[in-house]
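A.B. asks: Please build the complex by placing chain B on the supplied structure of chain A, with the hints as guidance.
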Amino acid sequence: MGASIVCSGIGCVTPFGRSVDTTWAGLLDGRSGLTSLASEERFGARPVGLIDANDLDAIGHRAGTVLITDLVLAAAGEAIANAGLSAPITDARVAIIVGSVSGARPSAEVARDPDRSFRPGQGGPTPDLAPGPLIDRIADAIGRPSIAFTLGTACAAGNQALLLGRQLLSAGAVDLVIAGGADELSEAMLMMFHSFGAFAKEGARPFDRRRDGVSLGEGSGFVVLETLDSARARGHRPLAVLHGGWYGLEGYHMTAQEPDGAGVVTTVQRAIDDAAIDPGQLDLVCAHGTGTPLNDRAEALGLGKLGLAEVPIVSLKGRMGHLQGAASAVEAVCCVNAVVDGRFPANRSDLEIDDELDLVAPTDVVDLPANPTILNLAFGFGGSMAATVIGA
Amino acid sequence: MTVWRLSVLASVMCVVEDGSARWAGRDRQGPVTSDQVAANTAALFGGLCRVLLDRPGLAGPRDRLGLVSVSDDPGAAEFTAIHEEGMAHRRSRVSARVAPLSGLNAHLATASIDLGITGPGIAAVFGRCSDERGLSLARLLLDSAQAERVVVAGAEAHRGAMYGAALVVTGSSSPASKEAIAHLGPVDNEGGMTEAGVADVGAGSPIGSGLDELLAIGSELEPGWDHQASLARFGLGLEVMEHER
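Line by line, the protein sequences are chains A and B.
So the first sequence is residues 131 to 522, counted in this note's numbering.
So the second sequence is residues -1 to 243, counted in this note's numbering.
So here's chain A without its partners, still in its complex pose:
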């Protein structure tokens, strides 16, 4: 694809904390980022990945305002600083791409009916949802972008945002890309999973024989992308390389993957082809790993068909929940950080692996080899699929 595209900075807000460091510390020490939902009467006391109220205060979120904007600004701001840049960026053509499932709708729900909030005191005046003020806030903080849009490809949106950013850089359309995803928890989303019977009773258990569904969560994750030449020119040492990836549609079902893993095969094969690597070079798979019986089986089958059953696979969704449109973005942030740190967090420590799944799912922190290569997978409702290959 031409120029090498590098990851120059990362940032995130997750149920573990409001930075990459706090998130990484939480993931490495084996804690769970899941907490019980307060509104038990509606959904039962089911664990979710909720951002701590103190962290929301710290990132400047105030009741009656749109939370997703603050999540975007906090994570993107951290990524920009981590990239050695100062916001607002005024001397480069910038693209910002935000993957999201719900956008600002959860804030609108709460504004209309404060009883729907999971956070006390979150009601208040109807937030201004008009694009202008929100864009102005982001533009003021980040620098007026040349290109800005929101991606609505469900849970694959974060990965796809990175890949579209890579394409824009390769095409020479922009100099810098800030790409990722953000979503807040909403009653509508909880209702949907509850209604599907896919809302895990005791927390998501990816790859576990007892797995019974998803633990929803909220968060944001962003990566600053640029060409290697650009990073070198400004004397910045990149964190990792976005070797390539693929995004596409499965065309199978509104809410289910092909059970035999055909979509997984297509996604992974095309991603590694685009990255121009051999499957044997993969050191770890950061799974979509939702914890539903179907997803995990399809993922294991697909990877097995490609001869990747022995590559360690980790699902972070068992640790901090499924962060919706932010999921694969935060997971990409973790992949980049793992390249730097040389370690990758483990699956849930109480994992009792499903014997029907032919895979290796470590329950201890994974020590990566030098210059590792990691595959990050994402599959969304409606058949959206996206995979990125991140390495040294």
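Errors might be hidden in some of the hints.
What the hints assert, rightly or not - Stretch-level coverage of chain A by chain B, calculated; a stretch enters the list once three of its residues show a Cβ under 8 Å from a Cβ in chain B:
{"no.": "1", "segment": "291 to 298"}
{"no.": "2", "segment": "358 to 372"}
{"no.": "3", "segment": "512 to 520"}
Stated by the list, open to error - Heads up, incomplete: computed chain B residues facing chain A, CB under 10 Å, no partners named:
{"no.": "4", "residue": "Ser18"}
{"no.": "5", "residue": "Arg60"}
{"no.": "6", "residue": "Leu65"}
{"no.": "7", "residue": "Asn103"}
{"no.": "8", "residue": "Leu106"}
{"no.": "9", "residue": "Ala109"}
{"no.": "10", "residue": "Ile111"}
{"no.": "11", "residue": "Gly114"}
{"no.": "12", "residue": "Gly117"}
{"no.": "13", "residue": "Pro118"}
{"no.": "14", "residue": "Ala122"}
{"no.": "15", "residue": "Ser142"}
{"no.": "16", "residue": "Glu146"}
The hints are simulated quantities; they were obtained by calculation from the structure and are not laboratory data.
Remember, it's a predicted structure, so these values are computed and weren't measured experimentally.
Built from N, CA and C at the ideal position, the CB exists for glycine as well.
C.D. replies: Relative to chain A, chain B alone:
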């Protein structure tokens, strides 16, 4: 002026009011069956794609066909209505079915599943001027060789009516691609990233031929909305593309 190095293979536009559909460019598309009259914008989106892809000469490898769905305010009207119904029934299956798929993702999914499209799909919310920027994303897919042809389409519900338009484009690498992609911005050009959810930010600016009809209907539905300018901008691009066909 941006030079669009894209060729339009086919286009169609539809407005649905009171359960009946009016199609622009229908004589070019052949008869429209009742199942193509949409029940929601996702179905309308899928119907638009079907009308286009059923045309002779447009059937081809669906894994090399890209889908770009653009919108100002994806599925907000349906989301709000269905969500309210869902809230009333708490565990409503209606809400469960539609809530997460009410936006652009549902558009992609409907067309992809119904028509067996397994190429790249992009669901992008730009705010206004989505149509032109959707074409730029198509350009990106074509230039990166991810797709041989791309359907760019928009379908929106607004104040009881639905609008939809779609076209199939193809193209080849050209020196102009960089400029075309750059046309995605800037953000202060009446658009950029929108986080609008239930905000009433207006109807879309659909794509395709029969612009006068859409313009008239749109002006009736939303006096004061600048359809003229929006469509004129698109018309400019369309004119260039038609010229290159």
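A.B. asks: Next step is simple, just say for each hint if it's right about the structure.
C.D. replies: Do the hints match the structure? See the list:
For the segment 291 to 298 of chain A, the stated coverage by chain B holds: 3 residues have a C-beta nearer than 8 Å to a C-beta of that chain, and at least 3 were required. Using a Cβ-Cβ cut-off of 8 Å, 0 residues of the segment 358 to 372 of chain A lie near chain B, which falls short of the minimum of three, so the contact claim is violated. For a cut-off of 8 Å, the count of residues in the segment 512 to 520 of chain A with a CB near a CB of chain B stands at 3, and the three-residue condition holds. Given hint, B:Ser18 at the interface with chain A, is violated; its Cβ is 27 Å from that chain's nearest Cβ, farther than 10 Å.
With a cut of 10 Å, the hint placing B:Arg60 at the interface with chain A holds, because the nearest CB-to-CB distance is about 7 Å. Checking B:Leu65 against chain A by beta carbon gives a least distance of about 7 Å; that is within 10 Å, so the hint holds. Below 10 Å, beta-carbon pairs count as interface contacts, and B:Asn103 has one with chain A at about 5 Å; its hint therefore holds. Among the interface hints, the one on B:Leu106 holds; its C-beta lies about 6 Å from the nearest C-beta in chain A, closer than the 10 Å criterion.
Interface hint status for B:Ala109: upheld, as the beta-carbon distance to the closest one in chain A is roughly 9 Å, under 10 Å. For B:Ile111, the interface hint holds, the least distance from its beta-carbon to any beta-carbon of chain A being 5 Å, beneath 10 Å. Because the beta carbon of B:Gly114 sits about 5 Å from the nearest beta carbon in chain A, less than 10 Å, this interface hint is met. This hint holds: B:Gly117 has a C-beta 6 Å from the nearest C-beta of chain A, less than the 10 Å allowed.
Here the hint on B:Pro118 is kept, as its CB sits about 5 Å from the closest CB of chain A, short of 10 Å. Against a cut-off of 10 Å between C-beta atoms, the interface hint on B:Ala122 holds, since the closest Cβ of chain A lies about 5 Å away. The criterion of a C-beta within 10 Å of any C-beta in chain A is met by B:Ser142, whose closest approach is roughly 5 Å, and the hint holds. Below 10 Å, beta-carbon pairs count as interface contacts, and B:Glu146 has none with chain A, the closest being about 14 Å; its hint is therefore violated.
The structure shown violates the earlier hints numbered 2, 4, 16.
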